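Position chain B relative to chain A; hints supplied.
Heads up: the protein sequence lines correspond to chains A and B, in order.
The numbering used here puts the first residue of the first sequence at 1, with every later residue one more than the last.
The numbering used here puts the first residue of the second sequence at 1, with every later residue one more than the last.
If you're looking for bench data, these hints aren't it; they were derived computationally from the structure.
Bear in mind the structure is a predicted one, so any value in this text is a computation, not a measurement.
For each residue, glycine too, the CB sits at the ideal point set by N, CA and C.
Take every hint as true, because none was put in to throw you off.
Subject to a maximum C-alpha distance of 30 Å in a straight line, what follows is the list of computed DSSO-like cross-link-like pairs (lysine-lysine):
hint	chain 1	residue 1	chain 2	residue 2
1	B	Lys-70	A	Lys-57
2	B	Lys-73	A	Lys-57
3	A	Lys-44	B	Lys-73
4	A	Lys-57	A	Lys-14
5	A	Lys-44	B	Lys-78
6	A	Lys-57	A	Lys-44
7	A	Lys-44	B	Lys-55
8	A	Lys-9	A	Lys-57
9	A	Lys-14	A	Lys-44
10	B	Lys-55	B	Lys-78
11	A	Lys-9	A	Lys-44
12	B	Lys-73	B	Lys-55
13	A	Lys-44	B	Lys-70
14	B	Lys-70	B	Lys-55
Here are some of the chain B residues that sit facing chain A, going by a computed Cβ distance under 8 Å:
hint	residue
15	Phe-35
16	Arg-43
17	Gln-44
18	Met-45
19	Leu-47
20	Arg-50
21	Phe-91
Computed spacing ranges between beta-carbons, pair by pair:
hint	chain 1	residue 1	chain 2	residue 2	range
22	B	Ser-7	A	Ile-54	34 to 42 Å
23	A	Lys-14	B	Ser-7	37 to 45 Å
24	A	Met-19	B	Gln-83	34 to 42 Å
25	B	Glu-17	A	Ala-52	42 to 50 Å
26	A	Asp-26	B	Glu-17	37 to 45 Å
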Amino acid sequence: NAGVTQTPKFRILKIGQSMTLQCTQDMNHNYMYWYRQDPGMGLKLIYYSVGAGITDKGEVPNGYNVSRSTTEDFPLRLELAAPSQTSVYFCASSYPGQGPQYFGPGTRLTVL
Amino acid sequence: AQTVTQSQPEMSVQEAETVTLSCTYDTSESDYYLFWYKQPPSRQMILVIRQEAYKQQNATENRFSVNFQKAAKSFSLKISDSQLGDAAMYFCGWGSRLTFGEGTQLTVNP
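The following block holds chain A by itself, in its conformation from the complex:
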């Protein structure tokens, strides 16, 4: 049982490039989330999904897109990378309701 996995672990992008951060969970959780953590700060919610085909914006969605075609996968897309998107990105999953969220190991992204 791998839990929540994220790829890649590290990535450097140039301004204007695009990329997809991958997230997969094997716990059959309906709910999945994307957060970003800026240096010295707490995590902020980007997008979340309550099931396949259903996504919604969180606190800081600008510059990102998501899709959820399967229960297991919840990729995060950056279309035109900007230096302000330099951050550590965490994916998480949970059962419905207010159960605890289980986090992936994070992806450190630098935009230069």
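Chain B in isolation, oriented as in the chain A frame:
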């Protein structure tokens, strides 16, 4: 707006002693969950403890316990018999879509 405030950016404790980390939050909801997560240098987010707002009894997990004061919207974390491995950033979080505080960096001195 839902907010979570951790007023102690840094705390330190001697090994084997007890330390309390503070957290306050703001919500108009009556039924919700509160969480404490630990983030060591590996940056992995690890669930420490969870409290359900409708339960008056404070949650306990081994050396970790909370003091939940619903009327005051306060949710502090007590770590007893502190160990070197407890050194980490601790985040208080609220709700199903987790609004986090800014964190408290805990140092454990040998």
